Amino acid sequence: MATTVTEPGLERVRRLETIWAEPRGVLGWLTTTDHKRIGLLYFFTTLVFFGAGGVEALLMRTQLSQPNEKVLSPETYDQLMTMHGVTMIFLFVIPMTIGAFGNYLVPLMIGARDMAFPRMNALSYWLFLFSGLFIYIGLFMHAAPNAGWFNYVPLALKPFNPGRNIDFYALGLIFNGVSSTAAAINFIVTTFKLRAPGMSMNRMPLFIFAMLAVSLSLIFALPSLTTDLVFLELQRNAGFHFFDVAHGGSPLLWQHLFWLFGHPEVYIIILPAMGIATSIIPTFAKRKMIAFPLVALAELLVAFIGFGVWAHHMFATGLPTIQLVFFSAASMMVVIPSAIQIYAWTITVNLGRPDFRAPLMFIGGFIAFFVLGGLSGIMFAAIPFDQATTDTYFVVAHFHFIIFGAAVFPILGGMYYWFPKVTGRMYHEGLAKTSFWVAFVGTALTFFPMHMLGLLGMTRRVYTYPDGMGWGAYNLSETVGAFILTAGLLTIAANLAYSRFRGPPAGPDPFGGGTLEWSTTSPPPHYNFPVIPVVRSAYPNWDPADREADRGRLRRGELVYDEGHETPAATVVDAVPDEVLEMPSESPWPLVLSVCTAGLFVMLLVRHYVVAGVFALLVLLVLAAWHWKEPQDQ
Amino acid sequence: MFPRSTEATTAFEVARVERGRLARPNGWWGMAVFVATEATLFGTLIGTYFFLRFDTAEWPPPGVPEPKLTLPLVLTGILVATSIPVQLAVRAASRGRLGSARAALLLAAVVQAGYLGMQLHLFVHDVHEFPPSGSAYSSIYFTMLGAHHLHVFLGMLLILWILLRTATGLTSYRMNGLRATAFYWHFINVLALCVVGSQLSPLA
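Chains as they are written, first to last, in my numbering: chain Y, 1 to 634; chain E, 635 to 838.
Derived by calculation from the structure, the hints in this document are not laboratory data. Careful, some of the hints might be misleading.
Unchecked claim - Some chain Y residues well away from chain E (every beta-carbon gap over 12 Å; in silico):
(1) Val48
(2) Phe243
(3) Phe292
(4) Phe356
(5) Ile383
(6) Phe404
(7) Ala598
(8) Lys629
(9) Glu630
As the list claims (entries may be wrong) - FRET-style restraints, in silico, Cβ to Cβ:
(10) Phe688(E) to Val71(Y): 46 to 52 Å
(11) Gly711(E) to Lys288(Y): 28 to 34 Å
(12) Leu656(E) to Tyr152(Y): 37 to 43 Å
(13) Lys288(Y) to Gly677(E): 35 to 41 Å
Nothing here was measured: the structure is a model prediction, and the numbers come from that model. We put the CB at the ideal spot given by N, CA and C, even for glycine.
Model the full assembly from the supplied sequences, consistent with the hints where possible.
So this is what it looks like as structure tokens:
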């Protein structure tokens with residue numbers, strides 16, 4: 001409905017097409033600054049890493065299917081277990097939600113033509129890609145990280161782990177953190193400054209609130225991990241002492257800094273899922289989210305409380321009781337914003353006229369897993385229960401219900417939901433519903449029996465277990481479940497791959513969505529909107545008069561900005577337009593800078609510090625070249 | 635209707651755009667968020683310093699000299715004072731007086747270079763006196779101090795970069811760069827106070 005264009009408007013649209021066109025072919029993808037293309041690059045890259053992490057999981061499940069199985073050696077199992085965790089968290093869920101969904105959708109939802117820093121956006125992607133490859137080189141050299149994704153010292157220190165394994169982990173994650181920090185800065189500034197005229201803070205879509213909360217969490221959580229990793233590298237390779245008691249260090253320092261990052265990280269994983277749920281539910285319930293401000297507040301509150309709960313990962317380390325009690329109380333507090341959201345989602349569905357198509361079914365699965373995983377989460381906040389079950393499979397059950405069931409199901413639902421927007425074609429609804437049930441059953445069968453195993457005393461992180469413990473049947477059912485789940489995921493992939501080429505045309509708005517991405521064509525043009533929309537509610541696409549007014553503006557040439565690569569910037573709270581920005585177009589520098597950065601990290605890994613210095617100098621020179629050409633020179 | 639970021643290419647026009655602004659530019663916000671994450675980074679370093687200290691009976695450990703008081707304080711005072719010319723430069727540039735802005739920046743850069751040279755000399759001297767491989771105290775001491783010196787160095791590079799770019803005149807883009815650089819510079823000076831304050835705390 002967006003581009004029913006009349007004659008004078010058509011002329012302007014043609015001009016926009018020329019101005020925003022990008023080079024064709026591979027070169028276009030290597031130099032792109034279009035947030036939608038970068039989103040797609042993120043999407044396919046993270047899918048590959050998801051596949052790798054999935055294969056690692058299946059190998060581990062095969063090894064654990066029976067007692068005393070010998071598919072994997074203990075060393076290989078350790079590496080696969082660590083890589084599975086690192087991959088799924090750093091190379092799949094976060095780049096998938098923030099990189100792929102965030103990049104593609106945030107500018108569209110706020111009515112902007114690009115991110116605030118388009119080249120830095122490309123930089124985030126290339127740094128992410130190279131950091132992922134960096135970590136995976138270790139696996140192919142049979143020297144992958146092997147001390148778990150939490151990488152506890154002293155196991156990760158040189159005397160116990162003399163190879164390069166941990167150096168791949170530490171340097172790779174510092175590298176990855178640079179990418180995430182750049183992305184988070186970009187999302188925050190984009191959200192603050194590039195919203196369409198009239199989209200004041202209280203009219204921001206809830207998905208945008210979730211992405212804002214995630215970005216703020218990353219900004220304040222990642223430095224803690226970076227510090228920890230720098231300490232680790234300094235201790236391993238430069239003789240510093242941070243973690244060994246003999247020289248006045250403390251192994252608990254690692255855990256404090258790690259979980260000060262690690263727990264906000266969990267909410268960084270789950271918050272985008274909540275944002276996707278708050279996008280899908282109103283569309284299929286055909287009504288606005290109830291308690292909109294409360295839900296927005298709850299999203300921010302989850303991120304905020306996430307910074308005060310880290311020591312509940314350390315209840316068994318002998319911390320003083322007063323600390324245990326504080327962190328126990330803080331952990332229980334997370335229930336409040338979570339429950340607000342669960343009630344808001346379910347009541348919105350109840351009050352609306354829900355149409356249970358595949359995306360909404362995935363959100364149903366998400367709520368089910370989130371409630372179950374949340375309940376076991378509250379149990380861990382109780383200190384005695386935590387001390388009894390820590391390091392057992394009960395913990396594995398809990399966090400997989402959360403970071404697979406609750407975090408990944410909305411991603412899968414979101415893939416179906418925005419598939420028509422991205423490709424312009426519809427997926428197959430029947431097959432999509434089937435894929436949901438297969439994935440749902442697979443997930444439940446894989447992860448639910450882990451609760452029982454945990455209560456029966458099976459410890460985590462073991463590569464095998466003896467016969468006669470009564471654990472065999474549960475383990476076998478988990479392995480069967482893992483393969484069923486894989487079948488469900490492959491069904492989704494097949495559905496989307498087939499529909500990409502053979503699906504019926506979808507049109508701009510197949511589901512009647514309320515946010516701005518549905519007001520433009522599918523797939524959206526490079527410039528997103530032929531005319532910058534003016535917004536008067538949180539569901540602007542449900543205000544037909546306003547969208548009609550946009551079309552009038554296109555005829556009259558107002559808010560079209562067809563004189564250059566332009567998008568308007570506005571005031572932070574009220575979104576009053578303030579200036580017109582000339583945005584950078586395609587650029588080779590993000591890729592070049594990422595290659596130099598990758599060189600720097602490889603040299604640090606092999607400890608050629610002089611060459612590393614040369615690469616650092618190259619990084620500075622590339623930055624200078626990058627900033628030499630200014631907007632007025634374009 | 636609104637100013638375009640490409641419009642202002644002389645100091646006079648930049649001053650006009652600056653007067654008409656309703657909100658701070660994207661570059662300023664980008665720097666603000668970056669400063670937030672950097673501040674957190676130093677927060678974890680300072681947190682580590684006290685975490686290790688409270689786990690140790692004697693701090694600094696036996697055989698390690700107490701931190702010196704006068705010289706670090708004087709040097710920090712000189713560094714913090716450079717915030718004044720940097721802020722004056724922003725003020726002058728936003729009113730179209732590019733010449734005074736560049737002079738103030740040059741003054742700041744010269745003082746910073748002197749500060750950094752002096753500090754590096756002290757750093758090397760201290761490393762020989764109590765190397766970081768000796769104890770957790772010296773490890774966090776040099777990590778924290780080294781991290782701050784690195785930030786001073788990067789801030790200096792930014793100021794030199796602005797000086798280089800404004801040699802051919804002022805544009806809105808460069809004005810935004812100057813504002814962001816000044817923000818970063820003030821932040822580094824606040825950090826200097828926090829880092830030095832932590833490191834001198836055993837004397838209190």
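Verification of the supplied hints:
1. Val48: The claim holds: Val48(Y) sits with its nearest Cβ about 29 Å from chain E, beyond 12 Å.
2. Phe243: Nearest chain E Cβ is 9 Å from Phe243(Y), so the label is violated.
3. Phe292: Holds: least Cβ distance 25 Å, greater than 12 Å.
4. Phe356: Fine: 40 Å to the nearest Cβ keeps Phe356(Y) off the interface.
5. Ile383: The claim stands: Ile383(Y) keeps its Cβ more than 12 Å from every Cβ of chain E (closest is about 22 Å).
6. Phe404: At roughly 29 Å from the nearest Cβ of chain E, Phe404(Y) sits farther out than 12 Å, so the non-interface label holds.
7. Ala598: Answer for Ala598(Y): holds, closest chain E Cβ roughly 21 Å.
8. Lys629: 10 Å, violated
9. Glu630: 4 Å, violated
10. Phe688(E) to Val71(Y): 46 to 52 Å: Taking Cβ atoms as reference, Phe688(E) and Val71(Y) lie about 47 Å apart, which means the hint holds.
11. Gly711(E) to Lys288(Y): 28 to 34 Å: This hint is violated: roughly 57 Å between Cβ atoms.
12. Leu656(E) to Tyr152(Y): 37 to 43 Å: 51 Å, violated
13. Lys288(Y) to Gly677(E): 35 to 41 Å: Once the Cβ atoms are compared, 40 Å apart, the range 35 to 41 Å for Gly677(E) and Lys288(Y) holds.
Hint violations for this structure: numbers 2, 8, 9, 11 and 12, all remaining hints satisfied.
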